[in-house]
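Novice: Generate the whole structure from the sequences, applying the supplied hints.
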Amino acid sequence: MITAVVRPERFERVMEELENEGYIALTATEVKGRGEQKGIKLQFRGRTMEVDLLDKMKIEIVVDENEVDRVIETITSAARTGKIGDGRIFVIPVEKSVRIRTGEIIS
Amino acid sequence: MGLDSGDTAWILAATALVLLMTPGVGLFYGGMVRRKNALSTISLSFLALAIVSVQWVLFGYTLSFGSDVNGVIGGLEYTGLAGIGLEETGTIPHLGFVAFQLTFAAITLAILVSGMAERVRLSSFILFGFLWTTLVYDPLAHWVWGGGWLAELGALDFAGGTVVHISSGFSALAIAFVIGRRAGFGEHSMEPHSIPMTLIGSALLWFGWFGFNAGSALQANGLAANALIVTNTAASAGAIAWLLASWYHGKPSSLGMVSGAIAGLVAITPAAGFVDPLASIAIGAVAGIICYSAMLFRIGKGWDESLDAWAVHGIGGLWGAIATGIFAKESVGEYSGLIYGNVEQFIAQIIAAGSALVYAFAVTLILAKIIDMTVGLRVSEEEEYVGLDISQHGEKAYA
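Read top to bottom, the protein sequences are chains A and B.
Its first residue numbered 1, the first sequence is counted upward by one per residue in the working numbering.
Its first residue numbered 1, the second sequence is counted upward by one per residue in the working numbering.
No wet-lab data here; the hints were simulated from the structure.
Owing to the predicted nature of the structure, the values given are computational and were not obtained by experimental measurement.
From the three backbone atoms N, C-alpha and C, an ideal C-beta is built for every residue, glycine too.
Treat the hints with caution; some may be incorrect.
Claimed, not checked - Heads up, simulated SDA-like pairs for lysine to any residue below, C-alpha to C-alpha not over 20 Å straight-line:
1. A/Lys58 to A/Ala78
2. A/Lys32 to B/Lys369
3. A/Lys41 to B/Leu122
4. A/Lys38 to B/Ser380
5. A/Lys83 to B/Ser380
6. A/Lys38 to B/Lys329
7. B/Lys396 to A/Gly33
8. B/Lys369 to B/Leu131
9. A/Lys38 to B/Arg378
10. A/Lys58 to A/Thr27
11. B/Lys396 to B/Leu122
12. B/Lys396 to A/Pro8
13. A/Lys32 to B/Lys396
14. A/Lys83 to B/Arg182
15. A/Lys38 to B/Glu382
16. B/Lys329 to B/Ile350
17. A/Lys41 to B/Gly394
18. A/Lys41 to B/Arg378
19. A/Lys32 to A/Leu54
20. B/Lys396 to A/Glu50
21. A/Lys58 to B/Ser189
22. A/Lys41 to B/Ser189
23. A/Lys41 to B/Leu131
24. A/Lys58 to B/Val386
25. A/Lys32 to B/His193
26. A/Lys41 to B/Val386
27. A/Lys41 to B/Ile390
28. A/Lys32 to B/Arg35
29. B/Lys396 to A/Met49
30. A/Lys41 to B/Glu395
31. B/Lys329 to B/Ala348
Unchecked claim - From the structure, some residues in chain A lie toward chain B, with a derived Cβ separation under 10 Å:
32. Phe11
33. Gly39
34. Ile40
35. Leu42
36. Gly85
Specialist: Given below as structure tokens:
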């Protein structure tokens, strides 16, 4: 399973590119998060104000092991702006996957 | 004539009705922006009301309605509302007239927020708003209503199609050109965060508009009732027309429906005291269609006049001014228009609308440019990214 946390304004583009590559099924959640820079600091007449939790979109997508790199590449190229705050991608093994409608176990 | 208590009661009530429209514009716009800018957008409307209210008492009223100076501006005899006691003007108290007119000046500035929504710096808006209402609104109000040169020309504007809507719509476009597009405009969608909030704002606008137009009769009489019924009819025709137009292109959008209602309300504004109910169906329906087309044109051009004040108020106001010259009926408001063979009225309407348009657009462009080059109109990139609610107010609309 690939979990990607991306900028909300890049989410549409990520979803579109994944679809172009043939990856339709996914789960998306609105989340808040921060990276090592602790969000964004705003300057007010010498005073700093921290906005440390920023809106992000989390995408979860389950694919075969040999397709993982392609999905990562697709997400990365669609979500990257080059600035701090572009997000992260994590890959986690899936033990079992069940289709609820049929009870079928998907390998 | 002497004071009439019925007229006075109606004008005081109408003043309160129109006042409610300014926060109404805030909610109308607030629903259309992204969640991170909801509070800022609503606040700017309240702020417009506050800025103009103070400016109006100090010198806005006298610049608009003081004794005429060469047809271009009012004299200074009412500075600080000096000399305005409890006496009446016509059949209502002079102070009632001052208050009623104030609410028009306030909403005009609030409509302008459209052109700078989601990116204007709060402090710059205060400065800009104060100067704009002084340099653009007050002279225009004088030209049309205060005995200035457009009044001399015989141009008709019953309740402010030219003064309020053409001026705010075209000024919003000028500001949008100076301040620039929102970051990411055209790259990713910027969907309205709460359409129900926009519908509530529209309800307040529609409701308040009865004060706006029927109050502009300045009397509680048949003319006021005529204004009220044509106002409601034009709003409804506009709502249906825009809804059908958006249906033709896809789904019948609720946001489109209320935008059409506002377009119809804008277009009937200058005409409300001069046309009959049947003409108001045509005025409202045409407004719905042309304002919808203007919005598509704006989007096609890539102009980020973000909340469509130009398409709805600017173009709707222009159509309304021209429509007044077409449909005016002598038995309603003592003037006749093009369909009754009066070409001169039609031409006077076009001259008035055109000169207000050019004046508002040009002065706003220069004013916005000067403010942008000195104190800066726009927030920083980071402030825009996190949203104006947090960066300008230190608050969030939704926890």
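Novice: None of the hints should be skipped; say for each whether it holds.
Specialist: Hints, verified against the model:
1. A/Lys58 to A/Ala78: holds (14 Å)
2. A/Lys32 to B/Lys369: The hint is violated at about 37 Å.
3. A/Lys41 to B/Leu122: holds (19 Å)
4. A/Lys38 to B/Ser380: Judged against 20 Å, a Cα distance of about 19 Å means the pair holds.
5. A/Lys83 to B/Ser380: Within the cut-off at roughly 15 Å; holds.
6. A/Lys38 to B/Lys329: Roughly 67 Å separates the two Cα atoms, so the pair is violated.
7. B/Lys396 to A/Gly33: holds (16 Å)
8. B/Lys369 to B/Leu131: holds (13 Å)
9. A/Lys38 to B/Arg378: violated (25 Å)
10. A/Lys58 to A/Thr27: Satisfied, since the Cα-Cα distance of roughly 8 Å is no more than 20 Å.
11. B/Lys396 to B/Leu122: holds (16 Å)
12. B/Lys396 to A/Pro8: holds (18 Å)
13. A/Lys32 to B/Lys396: holds (14 Å)
14. A/Lys83 to B/Arg182: Status holds; Cα separation ~18 Å.
15. A/Lys38 to B/Glu382: holds (14 Å)
16. B/Lys329 to B/Ile350: Distance ~18 Å between B/Lys329 and B/Ile350 Cα, so the pair holds.
17. A/Lys41 to B/Gly394: holds (13 Å)
18. A/Lys41 to B/Arg378: holds (18 Å)
19. A/Lys32 to A/Leu54: Holds, at about 5 Å.
20. B/Lys396 to A/Glu50: holds (14 Å)
21. A/Lys58 to B/Ser189: holds (18 Å)
22. A/Lys41 to B/Ser189: violated (26 Å)
23. A/Lys41 to B/Leu131: violated (32 Å)
24. A/Lys58 to B/Val386: Within the cut-off at roughly 18 Å; holds.
25. A/Lys32 to B/His193: Distance ~17 Å between A/Lys32 and B/His193 Cα, so the pair holds.
26. A/Lys41 to B/Val386: It holds: about 10 Å lies between the C-alpha atoms, which stays within 20 Å.
27. A/Lys41 to B/Ile390: Holds. A/Lys41 to B/Ile390 sits at ~11 Å (cutoff 20 Å).
28. A/Lys32 to B/Arg35: At roughly 14 Å apart (the allowed maximum being 20 Å), B/Arg35 and A/Lys32 satisfy the hint.
29. B/Lys396 to A/Met49: It holds: about 14 Å lies between the C-alpha atoms, which stays within 20 Å.
30. A/Lys41 to B/Glu395: holds (15 Å)
31. B/Lys329 to B/Ala348: Holds, at roughly 16 Å.
32. Phe11: Because about 8 Å separates A/Phe11 from the closest Cβ in chain B, which is inside the 10 Å limit, the hint holds.
33. Gly39: A/Gly39 check passes; min Cβ-Cβ to chain B is 8 Å, inside 10 Å.
34. Ile40: holds (5 Å)
35. Leu42: holds (6 Å)
36. Gly85: With Cβ-Cβ at 8 Å, under 10 Å, it holds.
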